[in-house]
Amino acid sequence: MPEITLKINGKDHTLDVPDDMPLLWALRDKLNMTGTKYGCGIGRCGTCTVLVDGEPEQSCRLPAMKMAGKEITTIEGLSPDGNHPVQKAWHKEDVPQCGYCQGGQILTASALLKENSNPDDAAIDEAMKDVLCRCGTYFRIRKAIKLAAVYAAETGDES
Amino acid sequence: MNAPKNRNGNNMDRRSFLKVSMLASGALMVGVGCYGTPVADETVQETWIPNLYVRIDPDGKITIVSKNPEGGQGVKTAFPMVVAECLEVDWKDVQVEQAPLDDRYGRQVAGGSRGTPDGWDDLRVAGTAAMHLLMAAAAKEWGVASTECSAQSGTITHKPSDRSMSYASLLETAAKLPVPDVSDLKLKSRPSEFKLLGSFVPGIDNAKILTGQPMFGSDIRLDGMLYAMFEKSRVFGGKLLSANVEHIRTLPGVTHAFIVKGTDDIRGLQPGVAIVGTSWWEVNSAREQLKVDWQTTQSDSSTEYEKQAEELAGESGEILRHDGDVESSFDKAVKVVEAKYYYPFVSHANMEPQGCTALVHESGKLELWAPSQNPKSGRKLVSETLGIPESQIHVNQVRYGGGFGRRLRNDYMVEAAWIARETGKPVQLQWTREDDMAHDFFRPAAWHHFKAGLDDSGRIIAFDHHFITMGKDGETISGSNISKRRYPAGLIPNYRLRQSIIECNVPTGPWRAPGASAYCWAYQSFYDELALAGGRDPLQFRLDLLSKSYGKPPMDLERASNTLKVVAEKAGWGRDPGPNRGLGIAFAYGHLGYVAHVAQVVAEGSNIRVEKVIAAVDIGPIINLSGAKNQVEGAIVDAISTAQLEITISNGSARQSNFHNYRLLKIDQAPEIECHFIQSDNSPTGLGEPPFLSVAPAVANAIFAATGTRIRELPFKRSGISL
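Protein chains in written order, with this note's numbering: chain A, 1 to 159; chain B, 1 to 723.
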C-alpha cells in the first residue's frame, strides 16, 4: 500500500493508504479524525468539506495520494478552543441542530470571510450553497456569518 | 401492583417517588423513580438509577442526566433546563450527561413530539424536590422555618437574619432529611414564574460540535474495530440466491464476507451480504465487485399506482365516516367545487446515513452504540433476532445526524449486532447514501378527491373526501391513514370520508408528522380553492370554519383561531405584497400543537422564490427559546424542501439514489423567517412535528396568489413551478 505524508492542521502525518482512497476516509479511518463527515460520497452535500490551501473542497472527491504538499485544515484544526470568529458567532446564534453538517458549514464560512470581510446575503448564498443542511439551519447560518464578520472586524482577526 | 399501560407500553402509574442518596464522593443525588417492573440492565453497576437524576457535587457542580435520544431536536439542552429552573441554579453551573438505554429511566423515545408533554412533570419534580431538601437543610441549620427561606443561584437565603448557604455546603444535612412527598411539591408552571425557561440558551454540546469532536454514532472508534457494509436487495423483498463471497474475501482490506440469511421482517434483519474490513473505503471498494443473485418478488411502479388510483377514483371506497347527509347537501349547495390532489413518496434523507456500532464482549454481553430514536424497540429486535436476552444487551445512546422518524426503525441495529457476533469483532456498520435512500421507510404517496358544497355565504355545508392511499392486504400501512376523527370532521355538518387502497410493496414508516405532513398541504390548498369559489378571503374562510363545531370539537377552536389571527396580524395579511408577489395562509393542529403560517413568494418567470415565512405557534410555555425557534425555522426549510422532492418507484425499487437526483433545499432557496410563540399557561407540548404542517400549503397558496397557478400535485415541478 502506498505511503503519503499529509500536512493536516499544521502537523505532518505519514500513513499508508490505498491509492484511490479519498482524503475523507484517510482522515476518518486511518487517522481517526472524525470531525469531517460522510454524507453522500459524490461531492453533493458538503459535510466532507475541508480547507485545502485555504479553499473549501469536498474531501470525498480528493484522492489522499494527491494531497502531498497541501495545507489541509479540518474542523478540528480551525481553532481547537473554539475562538474563531465563525465558531463564536455560531455559538451566539446557536446555529447547530443535529450538528452533522456544521463542520462543513463553518469551514466554508471561514473561507468566505477571508475573501470577503463583509458579505451580503447574495454573497453568503453563493459561497454557502454547496453545503446542505437537512435540519434547515440556513436562516441562522446567514445571521451567524454576518455576526462573525463583526467579530472579525472587532478583533482584526480574519483567520 | 399492576400499573395500567398507555399505548406506548409505559406504565401509566404516574405516582413518581423520590429517592435521595449520598454518594461516596460526598455528592447528593436526587432522583425521581417510577413504579413498575422494568428489565434491569445487568451491565450497569449502580443498584438503583432513578427516572432522572440530579447530582450535586461538593464543589457545587450540578449534573443532570438527559435520558432521551438527541438528534438535533434539542432535548439534551431543553429538558435539563427544566430541572435547573426548578432547582434554582445558574445554567453555567450545570453539566449534562447522556444516559444509556435503561428501563429504569422510563420512556426513552424521540418521537410523536411526546418528549416535552411526557417529561414535563418528572423534570419539574426532580428539580423542585432537590431544592426543597436543600432549603429544609438550611432551615434546620439555622433553626428557622423553611417558609422564611428562598432559593436562588444555588444558594439558600434567610432574609430576616441575612444569612445564606451554598447548596454545596448543605449536601450532608439534606441527605439525612425525610424525602418530601411528590404531591407536597409546588411545581412552577407559568411563564411568569420562569427565570431560565423561555430564554435563548445555546445547545449544551455546541463546544464539541463546533470543533469537530467525536459526537455521532459514526464517530465511535474502538480498539480493533472493523468497518462493515451490508448489501441488501434494492428491489423491496428480494430473496438472496447466491453471492460471490469467496472472491470478495480475497480483496485488499477485507477480513470477512458472508451471506446473512436474515428474516422476512422488512423492519428487521433482511437477507444480505456482509463485508467487513480494516477501513470503510476498502470495504466499499470490495463491494463494487460484489455480485449477488436476487430473486425479485414484485415490480411495483409509480405509473402502475397512478393507473390504479384512476380506476379507484370512480369507486365508492370504504366509508370511514359519514356525518349528516352529504349527497342531499350537495343538491342544496349554491356552489360545488371538486379537485384532485396528489403527492409522491418522499425519503427521510437524514444527513448522517444509517449505521450502528456493535461489540460482543468476552462475557457474551452485547454492547451497541445506536443512533436510534427508539433504542428500547431496537434492543427487543436485536434480542429476538439474535436470541440474546435483553438483560445482556447494553445500548449506548449516541447523537444522531437527524431523525425525522427514520430512526424509529432499528434495522441498522440488528444488522450491526449480527455482524459483530458473526465476526467476533467490534464492528461499525456504515450505510452509504445509496443504501440509505434505497432502504428508507418512505412517506407514502396518496391521491385526494375532494368535493365540497358551499352555501350562499361561502361556508362549507358538505364535504366529501375520497382518500386513495397505499396499503397492504386491504389495510393501510405506516403513515398512510387518515383518522376518521381528524378535522375537518367535526367542523362541517355534512362530512364523509371514504378510503380506497392501492396494494403497495414499498416499505413505509413514520415521517415527521406521519400522514399529516403530507395531507395537510392538500386540505389547506383546497380550502383556498373554496374560499376563492365563495368569494371569501382565505383568512376569513378559515376563521369561519373554526368558529363552530358539530359534535365534539376536533381541537381547541379558540386556540386554533387565535393562532391564525396572530400570524395574520404579524404578516400584515391583506396588504399588497408588491409586484409579482403573493401571500398565502394556512393553519394546522397536530400533536397537540397549534400552528399557522403566512408565506410571501415572488415570481421570477417560472421560478418562484419564497421570500419570507411567518409562523405563529401555540404549544404553551416555551422551554428553550432557541431550541423552539430552531424547530420552527428548521421545519419551514424541511417543508419547502420536501414539497419539491419525490421518490419515484420503478421496477419495485426507489429510483432516486443520492443527492444529485434527490436535491434538498439549499441556502439560496431558503426564506427569511419570523417566528411568534403564543405563550400561555397551558402545559407545554412538543415542537418536532406541528410547525411543519401548514408551511407547504401557505407557500402553495402564495404561489397561486402571485401567479394564478394552482398547485394540485407535488412536487412543485409537476405544475411547472421551480424554486
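Treat the hints with care, since some could be wrong.
Pairs of lysine to any residue, SDA-like flavour, derived with a Cα cap of 20 Å [as the list claims (entries may be wrong)]:
id: 1; chain 1: B; residue 1: Lys140; chain 2: B; residue 2: Lys92
id: 2; chain 1: A; residue 1: Lys30; chain 2: B; residue 2: Pro252
id: 3; chain 1: A; residue 1: Lys143; chain 2: B; residue 2: Asn206
id: 4; chain 1: A; residue 1: Lys143; chain 2: B; residue 2: Lys666
id: 5; chain 1: A; residue 1: Lys129; chain 2: B; residue 2: Glu672
id: 6; chain 1: A; residue 1: Lys129; chain 2: B; residue 2: Leu664
id: 7; chain 1: A; residue 1: Lys143; chain 2: B; residue 2: Ala207
id: 8; chain 1: B; residue 1: Lys425; chain 2: B; residue 2: Gly364
id: 9; chain 1: A; residue 1: Lys30; chain 2: B; residue 2: Leu251
id: 10; chain 1: A; residue 1: Lys88; chain 2: B; residue 2: Lys92
id: 11; chain 1: B; residue 1: Lys612; chain 2: A; residue 2: Ala123
id: 12; chain 1: A; residue 1: Lys92; chain 2: B; residue 2: Gly364
id: 13; chain 1: A; residue 1: Lys129; chain 2: B; residue 2: Lys666
id: 14; chain 1: B; residue 1: Lys208; chain 2: A; residue 2: Lys129
id: 15; chain 1: B; residue 1: Lys612; chain 2: A; residue 2: His91
id: 16; chain 1: A; residue 1: Lys92; chain 2: B; residue 2: Leu664
In case anyone wonders, no lab produced these hints; they're calculated from the structure.
(Q) Hint compliance check: list the failing hint numbers for this structure, sorted ascending. (A) The structure breaks hints 1, 12, 14, 15, 16; every other hint is satisfied.
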